[in-house]
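**Student:** Work the whole structure out from these sequences, hints included.
Given next are the chains, with one letter for each unit.
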Amino acid sequence: MNEKKATGMLADDMLLLKLPPISEKVLQAVRKQKQKYAENAFHDVQTKRTHKKVLVKYIFAAMAVFLVVSSSVVAVISNNRFVPDTKDVSSPLVSKSVSTAESQSVSVVHSTDTLERVNLRQLYGTAALSERSEPELETLLANYTKGNKVYEDERYLYNFNAQGRLIEVLNTAPLNESGIFADEQSIQQKSLDLLTLYFPDFALSDYNTKLSENKDARPHWSISFTKMCDDHTVMKIMLNFDEAGELLNILTLGTEESAGNISRSDAIKIALQEVRSGKYSIPAFSDEDVEIAVEIKNNEGIPYYIVFVHGIPLRQEITIDVIVKVNSDTGEIKEVVF
Amino acid sequence: MPNVWLQEKELANYIKEISSGNESALRQFYEENGRWMLALILSIVQTRESGEEVLQDVMMSIVAYGSRRPISNAKGWLFKVIINASKKKAKEEHLMQTEVLAENEALSYEDEALERMENSVDQIEALQCLDSLEQQCVIMHVFGQFRLPQVAEILGMPYNRIRNKYTYAVSKLRKFYGERRESV
Chain A
317 MNEKKATGML
327 ADDMLLLKLP
337 PISEKVLQAV
347 RKQKQKYAEN
357 AFHDVQTKRT
367 HKKVLVKYIF
377 AAMAVFLVVS
387 SSVVAVISNN
397 RFVPDTKDVS
407 SPLVSKSVST
417 AESQSVSVVH
427 STDTLERVNL
437 RQLYGTAALS
447 ERSEPELETL
457 LANYTKGNKV
467 YEDERYLYNF
477 NAQGRLIEVL
487 NTAPLNESGI
497 FADEQSIQQK
507 SLDLLTLYFP
517 DFALSDYNTK
527 LSENKDARPH
537 WSISFTKMCD
547 DHTVMKIMLN
557 FDEAGELLNI
567 LTLGTEESAG
577 NISRSDAIKI
587 ALQEVRSGKY
597 SIPAFSDEDV
607 EIAVEIKNNE
617 GIPYYIVFVH
627 GIPLRQEITI
637 DVIVKVNSDT
647 GEIKEVVF
Chain B
2 MPNVWLQEKE
12 LANYIKEISS
22 GNESALRQFY
32 EENGRWMLAL
42 ILSIVQTRES
52 GEEVLQDVMM
62 SIVAYGSRRP
72 ISNAKGWLFK
82 VIINASKKKA
92 KEEHLMQTEV
102 LAENEALSYE
112 DEALERMENS
122 VDQIEALQCL
132 DSLEQQCVIM
142 HVFGQFRLPQ
152 VAEILGMPYN
162 RIRNKYTYAV
172 SKLRKFYGER
182 RESV
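Chains as they are written, first to last, in my numbering: chain A, 317 to 654; chain B, 2 to 185.
For the record, the hints were derived by calculation from the structure and aren't laboratory data. No experiment lies behind these values; they were computed from the predicted model shown. Among the clues, some could well be false.
Said to hold, decoys possible - Quick look at which bits of chain B chain A covers, simulated, 3 or more residues with Cβ under 8 Å:
#1 35 to 42
#2 48 to 57
#3 76 to 89
#4 152 to 166
#5 169 to 175
Each residue gets a CB set at the ideal place from its N, CA and C atoms; glycine is no exception.
**Tutor:** Here you go:
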């Protein structure tokens, strides 16, 4: 008997080995993968759609620029004098948030656009205004204040601030331990998909990415996207995932918007002036030493700025953070928190 | 007839399909390849219960591989997963056994070997005449379609030893099947 015959007979004998049924855990995991795969495929389509939408916006912006320029030319010709155009026509209207960065108004509403995108997915039902009580929302959400609008579908809570900007997403579904472990690449891909879905304007800008894994903690994965709004202020979006790559929540810090009569940059100046006023025992520091982020919150219908000043050098390698609340209508300092 | 010739491309497709959530691909792969995978696991771990547990862990690893991740050496990856998961389980079993034996009277070497034999690939008599390493060599070479130097690489052992083990295992199998044919 040769080698092939012997091993062939062994292969036949292998049929005698009783094979246990596939465990329910494995079957559940593969079904979950199917759901994830469908979700990712939808995100891909969604991203392409967003790009198309941006392209359309560019075309409209170009047409608007053309109209402004041509009307100025007509005005110059008809009046025979130069009319200075104060509008910045050099930058196209890429998104609503960019346009509102320059404005002083609070009335801009982004939530419709975002909800439209969220509802388009239809993976977790239609997002509608949450019926949860305020105390419950305050407990669940990290950034909930009165005046925020919270929408909910079967999986997530979407927290919109008074300006209609999405500031937080929270996974409310009970988390099961699937035994699947996500890898760095899949977390990065998923984060980019979510960023494009929820924050398309931000996704189009220049940002830095920082990914960290903490095997012994929850969240297991944290990824933050940071962009500089100007020389000193930042806007940050942080996404947290569990070990299986399930999104736990999304948190945002900072905005490019202005509210009330005081502009965002003026609020920063007022806050820094207050911190440097000598009322507090804080040594002198330069703007380059610190990282600044600005948030807009509402207090019983009155919007105010929260200026976060991170990393003021105190002593050797010791830094402190200061939070200054500035009334956005009067510029009055409401509170300084260390 | 089990899927004796596990092809690299076929396996890569299976992994891709399974990790993208194709349940029927999972069932088909399991039906075709589950037996030799279990046999390989049982050549390392001591009990059938542990073997079945490891087999499910291996299936979980395939599910979690990630459909977007490119796979260049699917067979090498799968066998590494099987061997590593089995060795880990065997270590756990050894630790548990040491704790139990410390309390009770130690089993004799013969008892231990007998228990191991009964609990391992009990349905395949032919494999029972081979030792653990011989079983691994045969399964990887026959079912995994690895050349012996590759088997040596995966198992982290010198090629000469693997070649000798395999040659010896085949002669044992020839003897076993020769005797069985004569008795029939």
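**Student:** Just to make sure I understand the rule, a stretch counts as covered if three or more of its residues have a C-beta closer than 8 Å to a C-beta of the chain. Does the segment 76 to 89 of chain B meet that for chain A?
**Tutor:** This one is violated; 0 residues, fewer than the three required, reach chain A with a Cβ under 8 Å.
**Student:** Under 8 Å between beta-carbons, do enough residues of the segment 152 to 166 of chain B, three at least, approach chain A for the coverage claim to hold?
**Tutor:** violated (count 0)
**Student:** Can you confirm whether chain A covers the segment 35 to 42 of chain B, using C-beta to C-beta distances below 8 Å and requiring at least three such residues?
**Tutor:** holds (count 5)
**Student:** According to a criterion of three or more residues whose C-beta lies within less than 8 Å of a C-beta of chain A, is the segment 48 to 57 of chain B covered?
**Tutor:** holds (count 3)
**Student:** Taking a Cβ-Cβ distance under 8 Å as contact, does the segment 169 to 175 of chain B have three or more residues in contact with chain A?
**Tutor:** holds (count 3)
Of the numbered hints listed earlier, those contradicted by the structure are 3, 4.
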